[in-house]
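Peer 1: Start from the sequences, fold in the hints, and give me the full structure.
Protein chains in written order, with the working numbering: chain A, 1 to 230; chain B, 231 to 460; chain C, 461 to 690; chain D, 691 to 920; chain E, 921 to 1150; chain F, 1151 to 1380.
Simulated from the structure, these hints should not be mistaken for laboratory data.
Quantities reported herein were computed from a predicted structural model and do not represent experimental measurements.
Keep in mind that the hints are not guaranteed to be accurate.
Unchecked claim - Below, computed lysine to aspartate or glutamate pairings styled on EDC-like, alpha-carbon distance capped at 16 Å:
{"hint": "1", "chain 1": "C", "residue 1": "599", "chain 2": "D", "residue 2": "761"}
{"hint": "2", "chain 1": "E", "residue 1": "961", "chain 2": "F", "residue 2": "1189"}
{"hint": "3", "chain 1": "C", "residue 1": "561", "chain 2": "B", "residue 2": "432"}
{"hint": "4", "chain 1": "B", "residue 1": "430", "chain 2": "C", "residue 2": "531"}
{"hint": "5", "chain 1": "E", "residue 1": "1120", "chain 2": "D", "residue 2": "761"}
{"hint": "6", "chain 1": "E", "residue 1": "1021", "chain 2": "F", "residue 2": "1189"}
{"hint": "7", "chain 1": "A", "residue 1": "196", "chain 2": "A", "residue 2": "206"}
{"hint": "8", "chain 1": "B", "residue 1": "247", "chain 2": "B", "residue 2": "409"}
{"hint": "9", "chain 1": "E", "residue 1": "1137", "chain 2": "C", "residue 2": "600"}
{"hint": "10", "chain 1": "C", "residue 1": "650", "chain 2": "C", "residue 2": "600"}
Number of protein chains: 6
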Amino acid sequence: MQNVVVKNIERATNAAKFEQYGVATVHEAQGRKGLMAPDMKPIYQGPHIAGTAVTCTVAPCDNWMIHVAIEMCQPGDILVVTPTSYSDAGYFGDLLGTLFKARGVKGLVIDGGCRDVADLEAMGFPVWSKCISAQGTVKETLGSVNIPISCSGQLVNPGDVIVADRDGVVVVAREEVDEVLALSQAREDKEAGVRKRYEKGELGLDMNNMRPALKEKGLVYVDSLADLKK
Amino acid sequence: MQNVVVKNIERATNAAKFEQYGVATVHEAQGRKGLMAPDMKPIYQGPHIAGTAVTCTVAPCDNWMIHVAIEMCQPGDILVVTPTSYSDAGYFGDLLGTLFKARGVKGLVIDGGCRDVADLEAMGFPVWSKCISAQGTVKETLGSVNIPISCSGQLVNPGDVIVADRDGVVVVAREEVDEVLALSQAREDKEAGVRKRYEKGELGLDMNNMRPALKEKGLVYVDSLADLKK
Amino acid sequence: MQNVVVKNIERATNAAKFEQYGVATVHEAQGRKGLMAPDMKPIYQGPHIAGTAVTCTVAPCDNWMIHVAIEMCQPGDILVVTPTSYSDAGYFGDLLGTLFKARGVKGLVIDGGCRDVADLEAMGFPVWSKCISAQGTVKETLGSVNIPISCSGQLVNPGDVIVADRDGVVVVAREEVDEVLALSQAREDKEAGVRKRYEKGELGLDMNNMRPALKEKGLVYVDSLADLKK
Amino acid sequence: MQNVVVKNIERATNAAKFEQYGVATVHEAQGRKGLMAPDMKPIYQGPHIAGTAVTCTVAPCDNWMIHVAIEMCQPGDILVVTPTSYSDAGYFGDLLGTLFKARGVKGLVIDGGCRDVADLEAMGFPVWSKCISAQGTVKETLGSVNIPISCSGQLVNPGDVIVADRDGVVVVAREEVDEVLALSQAREDKEAGVRKRYEKGELGLDMNNMRPALKEKGLVYVDSLADLKK
Amino acid sequence: MQNVVVKNIERATNAAKFEQYGVATVHEAQGRKGLMAPDMKPIYQGPHIAGTAVTCTVAPCDNWMIHVAIEMCQPGDILVVTPTSYSDAGYFGDLLGTLFKARGVKGLVIDGGCRDVADLEAMGFPVWSKCISAQGTVKETLGSVNIPISCSGQLVNPGDVIVADRDGVVVVAREEVDEVLALSQAREDKEAGVRKRYEKGELGLDMNNMRPALKEKGLVYVDSLADLKK
Amino acid sequence: MQNVVVKNIERATNAAKFEQYGVATVHEAQGRKGLMAPDMKPIYQGPHIAGTAVTCTVAPCDNWMIHVAIEMCQPGDILVVTPTSYSDAGYFGDLLGTLFKARGVKGLVIDGGCRDVADLEAMGFPVWSKCISAQGTVKETLGSVNIPISCSGQLVNPGDVIVADRDGVVVVAREEVDEVLALSQAREDKEAGVRKRYEKGELGLDMNNMRPALKEKGLVYVDSLADLKK
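Peer 2: Given below as structure tokens:
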């Protein structure tokens, strides 16, 4: 039950390549897993980042461990923070944003609150959080850094890839990065073809030959509402 | 209990004329009915649309029927989708947005989630939804198209008018369109007069002669807080 | 149990000086009190205001007292409205916004809904509210003006200072304004120094000599995840 | 846009027969439609009722129309009430409960709040509501009785059957009552057989021959977690 | 900005007499004010208490001040606790319940979480809270005792009367206790008469002569749904 | 990205011994970690269980994998189920409850909905869930069994101990079971002593010598509210 900081973690290679793909694409490509909850939103619109996860647990209303975690971060990392119990406090603001930016951290994902959002937008340090809150935190209780954590409904292992955009945040397991990259590109390629046909107004019903299956399941076409009651 | 697609619906005439009026104005004009819940929000700010409703039910986490519904849409329509049970899945993304735009559909109103919101904003296809979610859906279960539905707390009949702006979404019954148009304009005219007087700082208390009613209900003016306790 | 309007209130001096300080800074400076809940959000991004509170209670779904309250407002005031029971109605729209702006009121803070948000943004009248809702209100039931109220979790006395920005809304007690102003400036000064050191990448761990305390609480640094299980 | 009271409605026959079947069973039997949202809960545990719907819309925070609606109710009816916009007011209490009970109404389903719940339990008048709230309502604004309404996510037509138990509330369309009754019984019969086999510990995997489908979809059985990473 | 404990407060007399009246009755009697939000619920069903308020603010996730507050409580008091920012921690459990009961405190009202609810029910110490949570709290940060506070949407002054039952919690201002007691009894008396007439099935429409007002507002009675569309 | 079922897991020994300790006690004993969110509630009051976790992921609105998971369960296990994305569907009902009971499973913890709660209570099969919902699920999509999962905010490894009572659900890591058992007992012993002193009305302030620390932090005792303003 000791609180620990793991100094050496194995980071996924090629994490930044995921910036070519949207969160929805990556999520689909890896079989619809790893997506954080929809209340995990960017504090300002625009950023689309991908990097390697450094993980961190904090006590509720306590951001002490974020100061510990930053020392473990390398350029290209994304810090993923989860309180051991929910509070709507603001664990992160513009001062920490300054430090994180100086150290080359790409962004923050936190299952709690963030503050100074106007300043963070001005300096260009992106955060995905559950809420915006000016409520400060204390520095009294330990947590851990670089252990497996649960954040916003997903398991995150240190070194995993985090992809975040306006649609939300998705986690890619370190061992599956290359496979998911390939599948994401394949999905993009396939969607490019679909998009062209959709632009001409071609129906998915025809493109994917859905009509027989709909009929088999019992879908009935009627001319008017009145026919329904007969 | 069959799932049906109604091919011919009677569409309200003059639907687009509602684009002159805000949702709040239309809602007031028709006697404060038809307003969807406040969690029905535009995925990006700016759009103000009005069109005729094509309605669609989907199974939770299943967007198959959206593919069926688009074939029933005409230019100027707005698709209104309601899952039979809540899920925060993302039923609609940029590919379907491309198809809907190509077919002249004005927008989507969905009592569920939407994804690829950056792309949808870039292409200018407006959506009002309950949440933003990258979670994909399956294509396994039937629903119906163009039957009366309940969406975000309101009854929507196919052919009704949908008006949507930054304040939310309101439904105007097809039979009442002309009356509501006239009442909306009348309200605008009246408000224009009020606005001019408000711009000069005239009080509603005086303009609407509210003081006698306030006095009759028992409102008391005192000079200071201390007077309260006497 | 009478409903009253208090005509003469003592207003805090120097209220506008708080516009130099963010909500988070002021909240910290006064010992982390007075912060409204995180669901109190600006209806559009940008405004950062500070002014003296005129307080107002309204019956749920009834905005009559807002018409009474505006007469009690002076230029530089911020109206703070709280329904006696929650409703998501839209108590305030562009017409009232026009009047409030004409009278020099700086903004509105309401523990309920607001509508016509596009118009309010266009005219530059800032509102912090719990939701955006086109639902109208009636004018039937009395409330009070300039009595102590509870709004979004905080006690507000008439004449207190309200500071509001993108992070939320904070209340400063009238008696404590000068002290909090001084403490806010002191905090800014101190943060300026911290910011410079953070910009160079200096760790908070070192700057604030946190390492001994972390060690004393039992934090352990290990080289790898495998060491955890030994 | 007139508010109306429809005096004569066609009521489903055999409504009370649904008291033999749980809400979950009926919902499945009719193809998973008609289920109200999970926040629709009984104010006390125990009741399981089925009856014919009398529908009623009310203005938010206004219960006037409930007084109108009761005159339209017959013994065996269930009143279904929906506010035109959400409020957490308590629209119904022990006095109205006394009246409803005296008139033979079986229960109330309301997409809003209820109060005096201890008294209502003592007298045995069951209510399903969104919340418990002592907040009173006014009698100022009209609504309608016995028109199609949207209640807690479902379309309810007057005369439809309402079934409510501890799991929630389901609506059965009047035209489909006999079919759904038969299907509910069939489901019960089938489930009785399944239950017997489950009581002996027989697996659904075997009973329904699911193993080939699982294998075809790609499910893999491994001996240990370590095998996962190979 | 100092944290203070006020040792001598003026307590309302006759507080316990409110145990004769339900929360809904008292709330109505005092003109529909003072009602806490509907998420303030008893942790177990049964208790109906009334007593004088000792007030207490706590830092989020910190219950230190509850230990300070108990010393200020007298037999017959109810402790009212509000965190300065929301957290779902469990600030109060069976040990503190034991102490409070020993000291004659009637109950606890807390705008946060409570734990050990099975034990608290077994010992008969009633609590109204926002949630049930086993999450512990720290003892690091000061708050105040017996200052005016905002709790669950209502202003509570030390010495006010708190009435709590299954419908929720209502605050009666100390200065208004006798008036509200009299009005509560008057309301009970009046309701007793109404109840008798309702038991016989007499309609409120007739008893209160509502029909003319309904007609004047424009309510129309029609024979059937079909008449609506004509 | 394959979906897997791990057949052999290492189960914690002594899991059932945790039934002597409440969730709050265990959570404290292990340093305030592992507690699921407060919306994880028992579907009926009474049960207090402890057992070894079999873990299971399901697709939203799909309970197929629960049928797979039961085959992996042994008597004394507790199944912990997490959907890969939130839905309020009812994944589990009385039929599955019958099977689970027959196989000796102690209970279910599911970060989703449950149905047939009256039947489940009658048969005595305890469930902790996020909501009660009659909405059925499909059997179309794979998940995994006995992999590490995130459930209601906590990481659960197969073989960990789950303790659940009226206060919620806590996870104890398999490797730490003996240590946490000892610490739970130590905590109980210590609390027994505290309880005795509390029963006599002794203050925590004195028992734990808190007064000097309160004074040092700056807490001030004043005689009356009026002294506050001086």
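Peer 1: Work down the list of hints and note, for each, if the structure agrees.
Peer 2: Hints versus structure:
{"no.": "1", "hint": "C:599 / D:761", "result": "violated (29 Å)"}
{"no.": "2", "hint": "E:961 / F:1189", "result": "holds (14 Å)"}
{"no.": "3", "hint": "C:561 / B:432", "result": "holds (12 Å)"}
{"no.": "4", "hint": "B:430 / C:531", "result": "holds (14 Å)"}
{"no.": "5", "hint": "E:1120 / D:761", "result": "holds (14 Å)"}
{"no.": "6", "hint": "E:1021 / F:1189", "result": "violated (28 Å)"}
{"no.": "7", "hint": "A:196 / A:206", "result": "holds (14 Å)"}
{"no.": "8", "hint": "B:247 / B:409", "result": "holds (13 Å)"}
{"no.": "9", "hint": "E:1137 / C:600", "result": "holds (15 Å)"}
{"no.": "10", "hint": "C:650 / C:600", "result": "violated (52 Å)"}
Of the numbered hints listed earlier, those contradicted by the structure are 1, 6, 10.
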